[in-house]
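**Q** Given chain R, put chain Z in place with the hints provided.
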Amino acid sequence: MKTTDTPPTGNALIPGPREPRSTGAAKTAARTENGGEGKVLNVFSHGVLIIWAIMVVMPLLWAVMTSFKSDKAIFTSPWSLPDSLRFENWSRAWSQAHMSDYFLNTILVVGGSLVGTLLLGSMAAYVLARFEFPGNRFLYFLFIGGMSFPVILALVPLFYVMQSMALLNTMHGLILVYIAYSLPFTVFFLTAFFRTLPTSVAEAAFIDGASHTRTFFQVMLPMARPGLISVGIFNFLGQWNQYLLPTVLNTEQDQKVLSQGLVQLAVSQGYKGDWSGLFAGLVMAMLPVLAAYIIFQRQVVAGLTAGAVK
Amino acid sequence: MQHGKYRFIVGFLAVPLALYALFVVWPFIQSIYYSLTNWSGLSPEFEFIGFDNYTRMFQDEVFWKSLQHSLTFAVVLPLISVGFALFLAFMLNVGGRRRKGAAIAGVRGSAFYKIVYFFPQVLSIAIVALLFQFAYNPNSGAINSVLKAVGLGSIQPQWLGDPNLALICVMAVLVWSTVGFFVVLFSAGMASIPRDFYEAALLDGASRFTTFFRITLPLLWDTVQSGWIYMGILALGAESFAVVQIMTVGPNGGGPDYSTIVLPLYVYQKAFRDGQAAYATTIGVALLLVTLAFAAVVMKLGRRERLEF
Numbered sequence: 001m002k003t004t005d006t007p008p009t010g011n012a013l014i015p016g017p018r019e020p021r022s023t024g025a026a027k028t029a030a031r032t033e034n035g036g037e038g039k040v041l042n043v044f045s046h047g048v049l050i051i052w053a054i055m056v057v058m059p060l061l062w063a064v065m066t067s068f069k070s071d072k073a074i075f076t077s078p079w080s081l082p083d084s085l086r087f088e089n090w091s092r093a094w095s096q097a098h099m100s101d102y103f104l105n106t107i108l109v110v111g112g113s114l115v116g117t118l119l120l121g122s123m124a125a126y127v128l129a130r131f132e133f134p135g136n137r138f139l140y141f142l143f144i145g146g147m148s149f150p151v152i153l154a155l156v157p158l159f160y161v162m163q164s165m166a167l168l169n170t171m172h173g174l175i176l177v178y179i180a181y182s183l184p185f186t187v188f189f190l191t192a193f194f195r196t197l198p199t200s201v202a203e204a205a206f207i208d209g210a211s212h213t214r215t216f217f218q219v220m221l222p223m224a225r226p227g228l229i230s231v232g233i234f235n236f237l238g239q240w241n242q243y244l245l246p247t248v249l250n251t252e253q254d255q256k257v258l259s260q261g262l263v264q265l266a267v268s269q270g271y272k273g274d275w276s277g278l279f280a281g282l283v284m285a286m287l288p289v290l291a292a293y294i295i296f297q298r299q300v301v302a303g304l305t306a307g308a309v310k
Numbered sequence: 001m002q003h004g005k006y007r008f009i010v011g012f013l014a015v016p017l018a019l020y021a022l023f024v025v026w027p028f029i030q031s032i033y034y035s036l037t038n039w040s041g042l043s044p045e046f047e048f049i050g051f052d053n054y055t056r057m058f059q060d061e062v063f064w065k066s067l068q069h070s071l072t073f074a075v076v077l078p079l080i081s082v083g084f085a086l087f088l089a090f091m092l093n094v095g096g097r098r099r100k101g102a103a104i105a106g107v108r109g110s111a112f113y114k115i116v117y118f119f120p121q122v123l124s125i126a127i128v129a130l131l132f133q134f135a136y137n138p139n140s141g142a143i144n145s146v147l148k149a150v151g152l153g154s155i156q157p158q159w160l161g162d163p164n165l166a167l168i169c170v171m172a173v174l175v176w177s178t179v180g181f182f183v184v185l186f187s188a189g190m191a192s193i194p195r196d197f198y199e200a201a202l203l204d205g206a207s208r209f210t211t212f213f214r215i216t217l218p219l220l221w222d223t224v225q226s227g228w229i230y231m232g233i234l235a236l237g238a239e240s241f242a243v244v245q246i247m248t249v250g251p252n253g254g255g256p257d258y259s260t261i262v263l264p265l266y267v268y269q270k271a272f273r274d275g276q277a278a279y280a281t282t283i284g285v286a287l288l289l290v291t292l293a294f295a296a297v298v299m300k301l302g303r304r305e306r307l308e309f
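So the protein lines, in turn, are chains R and Z. Under UniProt numbering, think of the first position of the first sequence as 1, with each following residue one higher. Under UniProt numbering, think of the first position of the second sequence as 1, with each following residue one higher.
Extracted from the complex, chain R is given alone in its bound form:
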């Protein structure tokens, strides 16, 4: 682009009356030449893109609108704007429909399992990436093999394993299961990440007398921060949105997490006819994740797509 612009500016030093006009004409000619195909395609592509954007956003907006309506309005005019903002739907969902409990449970479970996943995952990944020992390859493939297996197959025996260890329907049990099922991807991702880090820093720390453990926690983990953030976001969303595992392993009413709590709510509110409360609950569950996504947009996208690209 720069090279085509240079001659005119160079020529400008030598006064030539016809020079500027001819380049101007050439430019307009070039514009009309590819303008035809470009314009049609441009209009078309914008059209398709906008339609899909509307299709993505409309259901979400519809849910937000509905959460402020009265139950009657929900049935009679699904698309009209709410006549007033009924915040009582929200407070009803928060307190009476146990949304506050579901939120608290989810925060506890995801908080515990996220820390555990990152700690245990990075420990295993570091050892697998940096140390040679018999069985290294085997363990690595054992870990990453878990990524392509259907979880539901393991869930039937797992239910009874948990039952016999008195972990069924407990939060710490659910945390341990979340960690175990997050390990395959975490180990896979972090092993690749630790391999890209320079070895010299760790060696220097080691020569200075740091133990392996200390080298790991004080030198390697801080260096691996970008990788930990990516895989942390990936696991956070996966665990926050988890539905299958808690549905099978955590059926106690007061232990339920958000996604299964909402489904339960849909069934019970269906009997009571409190649709507005249910929609308020739905929106309540959607908003924090969407807000967090919009704020940390770049990191979230990097974290979620990192797995599939490699």
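If you're looking for bench data, these hints aren't it; they were derived computationally from the structure. Careful, some of the hints might be misleading.
[Claimed, not checked] Below 20 Å or equal to it, Euclidean Cα-Cα: the simulated SDA-like pairs (lysine to any residue) are:
(1) Z:Lys-5 with R:Lys-72
(2) R:Lys-72 with Z:Pro-138
(3) R:Lys-39 with Z:Tyr-198
(4) R:Lys-72 with Z:Lys-148
**A** Here is chain Z on its own, set in the frame of chain R:
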């Protein structure tokens, strides 16, 4: 670096490995063993019965139905989701008005589109399923009232209540929730294709469609293939379970007359509703085989010479 090396390795691997072995590897091994027994799951006693569960499975009509639906998911969903996402990503990144001197240009606002398209990806599939369950409601749902509003009031399908439509409705939700992820994934891939290639093609007078099929697609092939497998595994596994279980009617989901039953849901029903744990693991083993076969087929069909650039 030899000092205390093995002690360190064992110390660091012990806890993650124990957790993984106990909660993931061991149940998988057990489930294959259980599929050869008559264990109900309710009592601790069971006998080894060989392949009886498998012969039973081959005669089970509901199993064949759920297998058929799961296979449909695995074939159709990646085709639609990945195909449509490729189209959108190409529009976003190459479909823009050509500016002076630039061979290719993204449309204006492409960053905005990418943010919006990605929304469904961060939501729980359970929430998405609930939302669409209401949108599909034949009497007061969002979709039928839109039809009414645009003068198509005579067309008011039962959607999820209609055995012929229910499966398509479910698939549409899965497409809705996954397309954005692939758009962003493919956009990232397209951004790494060197611009000179497009410029060279443009100089040679290639149209944008030629450019897409001769340059973009071949260079993006690895990403497309892994996206394909990823989507197939989703469609066979937990996502389809959640969507079908939550959205479709019937005692435990599965639609009118099992019209939407899928393999993971059937496993769940057999194990936790009917008390037939052993038979459930048999169906689970079938699901495992289908998943592995799917991945193998896509790898085989998709094998091409790797292009370095």
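**Q** State for each hint whether it applies.
**A** Hint check:
no., hint, in the structure
1, Z:Lys-5 with R:Lys-72, "violated (69 Å)"
2, R:Lys-72 with Z:Pro-138, "holds (16 Å)"
3, R:Lys-39 with Z:Tyr-198, "holds (19 Å)"
4, R:Lys-72 with Z:Lys-148, "holds (18 Å)"
Checked against the numbered hints above, the structure violates only hint 1.
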